[in-house]
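2 protein chains.
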Amino acid sequence: MKTLEVDLGHRSYPIHIGSQLLSNSDLLKPHIQGKSVVIVTNETVAPLYLGTLKTQLSNYRCDSIVLKDGEAHKNLETLNTIYTRLLEQRYDRKTTLIALGGGVVGDIAGYAAASYQRGIPFIQIPTTLLAQVDSSVGGKTAVNHPLGKNMIGAFYQPQCVLADTEVLKTLPPRELAAGLAEVIKYGLLGDREFLLWVKDNMDALKDCDNATLTTAIERSCQMKAEIVAADEREGGQRALLNLGHTFGHAIETEMGYGEWLHGEAVGAGMVMAAEMSRACGWIKQEDLDLAKEVIAAADLPTQPPSKMTPDTFLQHMARDKKVIDGSLRLVLLKALGHAVVTADFDQAALMATLERE
Amino acid sequence: MKTLEVDLGHRSYPIHIGSQLLSNSDLLKPHIQGKSVVIVTNETVAPLYLGTLKTQLSNYRCDSIVLKDGEAHKNLETLNTIYTRLLEQRYDRKTTLIALGGGVVGDIAGYAAASYQRGIPFIQIPTTLLAQVDSSVGGKTAVNHPLGKNMIGAFYQPQCVLADTEVLKTLPPRELAAGLAEVIKYGLLGDREFLLWVKDNMDALKDCDNATLTTAIERSCQMKAEIVAADEREGGQRALLNLGHTFGHAIETEMGYGEWLHGEAVGAGMVMAAEMSRACGWIKQEDLDLAKEVIAAADLPTQPPSKMTPDTFLQHMARDKKVIDGSLRLVLLKALGHAVVTADFDQAALMATLERE
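If you read the sequences in order, they're chains A and B.
Taking our numbering, the leading residue of the first sequence gets 162, the next gets one more, and so forth.
Taking our numbering, the leading residue of the second sequence gets 162, the next gets one more, and so forth.
Among the hints, a few may not be true.
[As the list claims (entries may be wrong)] In silico DSBU-like links for lysine-lysine, alpha-carbon gap of 35 Å or less:
{"id": "1", "chain 1": "B", "residue 1": "K229", "chain 2": "B", "residue 2": "K163"}
{"id": "2", "chain 1": "B", "residue 1": "K468", "chain 2": "A", "residue 2": "K255"}
{"id": "3", "chain 1": "B", "residue 1": "K367", "chain 2": "B", "residue 2": "K453"}
{"id": "4", "chain 1": "B", "residue 1": "K445", "chain 2": "B", "residue 2": "K367"}
{"id": "5", "chain 1": "A", "residue 1": "K196", "chain 2": "B", "residue 2": "K495"}
{"id": "6", "chain 1": "A", "residue 1": "K255", "chain 2": "B", "residue 2": "K330"}
{"id": "7", "chain 1": "A", "residue 1": "K196", "chain 2": "A", "residue 2": "K229"}
{"id": "8", "chain 1": "B", "residue 1": "K367", "chain 2": "B", "residue 2": "K190"}
{"id": "9", "chain 1": "B", "residue 1": "K190", "chain 2": "B", "residue 2": "K330"}
{"id": "10", "chain 1": "B", "residue 1": "K163", "chain 2": "B", "residue 2": "K453"}
{"id": "11", "chain 1": "B", "residue 1": "K330", "chain 2": "B", "residue 2": "K367"}
{"id": "12", "chain 1": "B", "residue 1": "K196", "chain 2": "A", "residue 2": "K495"}
{"id": "13", "chain 1": "B", "residue 1": "K163", "chain 2": "B", "residue 2": "K196"}
{"id": "14", "chain 1": "A", "residue 1": "K229", "chain 2": "B", "residue 2": "K229"}
{"id": "15", "chain 1": "A", "residue 1": "K255", "chain 2": "B", "residue 2": "K255"}
{"id": "16", "chain 1": "A", "residue 1": "K215", "chain 2": "A", "residue 2": "K255"}
{"id": "17", "chain 1": "B", "residue 1": "K196", "chain 2": "B", "residue 2": "K330"}
{"id": "18", "chain 1": "A", "residue 1": "K468", "chain 2": "A", "residue 2": "K229"}
{"id": "19", "chain 1": "A", "residue 1": "K453", "chain 2": "A", "residue 2": "K255"}
{"id": "20", "chain 1": "A", "residue 1": "K367", "chain 2": "A", "residue 2": "K445"}
{"id": "21", "chain 1": "A", "residue 1": "K367", "chain 2": "A", "residue 2": "K196"}
{"id": "22", "chain 1": "A", "residue 1": "K468", "chain 2": "A", "residue 2": "K367"}
{"id": "23", "chain 1": "A", "residue 1": "K468", "chain 2": "B", "residue 2": "K255"}
{"id": "24", "chain 1": "B", "residue 1": "K229", "chain 2": "A", "residue 2": "K495"}
These are calculated hints, taken from the structure and not from any lab test.
In isolation and in its complexed conformation, chain A is listed as follows (with noise of 0.2 Å):
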């Protein structure tokens, strides 16, 4: 097992990270204060690993509250069913969640513990690659709205994180490629090197071979917690694990949440960063070209849905919480390993790419 430590300060937290944590409850039991725990899942992952997460628990009051899976659920109104759930239960401030599921669950769970009364402590234990690379680090928080995917959240740590790298083999293959596009794009945004090692062992992680499964979520939670640790409510560097997100979130709002993947639409977005990267005269061709082939290897989309027009994508992309008084930021390559954040680009580069000319 490796443990990271995400550095904050006095909401510091581990991530454990190894194969068969979800059976070892010597490594919950420290993080919970209280006598109760509830644990919010989904449909999917209950009849899975709910039973063995609740054996290890035995010890405390224990509910479990099963959502409906997928994205479009992530929402107001089933955050208000968590609330009312909890409330009904009278399960006070010292309950401590924990998000058994994938980036939906932790978002959403994460939430409903960040604003029930105020504030109640949480434990991340997240059952896809996407969650345990991604979602599950950094303290992020949120559901969607209509007019816009996490527009309502918290930034709210949790007490500790638990990556079991053995869930992962019963992941259906197109989830485990969506987590993938987030491993891709920590090699993409800071570690070349990392991305080579991704490009010779894609095999092998497709295969759900433990110890390179390990490596590769390691290294990425070592990048986001670095990231993370600098600047945790993302006024400048943090901006930049949003390489890709941009274009994906447009995809994903224009779409219906659900319909792609949220790693499916970060591959094509990358894809798009990338592209727009060289129409700026920032990357080679080649470099474009390696990108497109490690995306395409790992199984992701490298263009957007053919329905989507470049008014689509300025719509979306106007909403962005990049956008600050009035002005469009995106996370751009400088070099394949070295993205940056900014709002200086060639407008002309940006129409380009949306037009995919």
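Chain B: place on chain A using the hints.
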């Protein structure tokens, strides 16, 4: 003008108290970072003060959201109308939200600011005495859930607070009295001298004498700011501010939000806390009589509505945020001017108080 500083490290902020502050734009401008401001107010306050405030903000993109008046609208639905308006008008995360109104407007606008795009800057301009001495100070924001008051919220600090005594002159007498309940609370919980000062100056306070109000607000905010600075997230001492509130919240919840004003419920709740402290043998009969006398002099109720049975009280109190691992903690008086938070009380004294024997 008096200025207090709430000391919370890098989240410290000033409270300005005095008359005619609303028409002094120099107080606001240093606290607005971006180019956009959205004022959240209600249909009662808007005709009186929205115009004056907007005049001060002519250099900014400035919109206003006018809510229906009353605690009954402090819920997730109203919150969602704020999110929708902000998103429709594409307000970004540098937008400053200004709460212009009483405690309900401050709580809901504050929570909207805490949660919109995971947090945007926020300024409080409280227009009721209650909000000036209580809810605008300390960073508690929340909305109600049908199963409990303030059950969904965040600790979120404003950039600054403007308490303009001039605006209190348009308050209905019942609202002014409700504010005096919290002023009396500070005397009861921590400053016997101040309690006697309030008793002696009750007529001037009810007549809205500017200088007397300024003194009362300043001392109240000072006591609250000290308690909040020592315990921002309500681990211990901060719960003292809930003197009378556990009984009071039960009254508000049972009667339906808005039927009894918050301060009226707190008035009756403080008498109950004093009666229970007397039943525990902690304060003398003459202390109880003095507490009742001051509360009655402010034209506040000194007993709960007759329909409240011990059972209805206990049911609502079991959901109180001060319940920890199933045990009820109450704020009681060890002496007049000295409150404690305790779960160590005579159950018979509680029942006698609830049964109104």
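Here is what the structure says about each hint:
1. K229(B) - K163(B): holds (32 Å)
2. K468(B) - K255(A): holds (32 Å)
3. K367(B) - K453(B): Holds. K367(B) to K453(B) sits at ~17 Å (cutoff 35 Å).
4. K445(B) - K367(B): holds (28 Å)
5. K196(A) - K495(B): With a Cα-Cα distance of about 30 Å, the restraint between K196(A) and K495(B) holds, given a limit of 35 Å.
6. K255(A) - K330(B): This hinted pair is violated, its Cα atoms lying about 43 Å apart.
7. K196(A) - K229(A): Within the cut-off at roughly 27 Å; holds.
8. K367(B) - K190(B): The hint holds at about 33 Å.
9. K190(B) - K330(B): holds (26 Å)
10. K163(B) - K453(B): Satisfied, since the Cα-Cα distance of roughly 31 Å is no more than 35 Å.
11. K330(B) - K367(B): holds (10 Å)
12. K196(B) - K495(A): Roughly 30 Å separates the two Cα atoms, so the pair holds.
13. K163(B) - K196(B): The hint holds at about 28 Å.
14. K229(A) - K229(B): At roughly 34 Å apart (the allowed maximum being 35 Å), K229(B) and K229(A) satisfy the hint.
15. K255(A) - K255(B): Roughly 33 Å separates the two Cα atoms, so the pair holds.
16. K215(A) - K255(A): OK: K215(A) and K255(A) at ~19 Å, within 35 Å.
17. K196(B) - K330(B): It holds: about 32 Å lies between the C-alpha atoms, which stays within 35 Å.
18. K468(A) - K229(A): holds (28 Å)
19. K453(A) - K255(A): violated (48 Å)
20. K367(A) - K445(A): Since the Cα atoms of K367(A) and K445(A) sit roughly 28 Å apart, the hinted pair holds (cutoff 35 Å).
21. K367(A) - K196(A): Violated, at about 40 Å.
22. K468(A) - K367(A): holds (30 Å)
23. K468(A) - K255(B): holds (32 Å)
24. K229(B) - K495(A): violated (51 Å)
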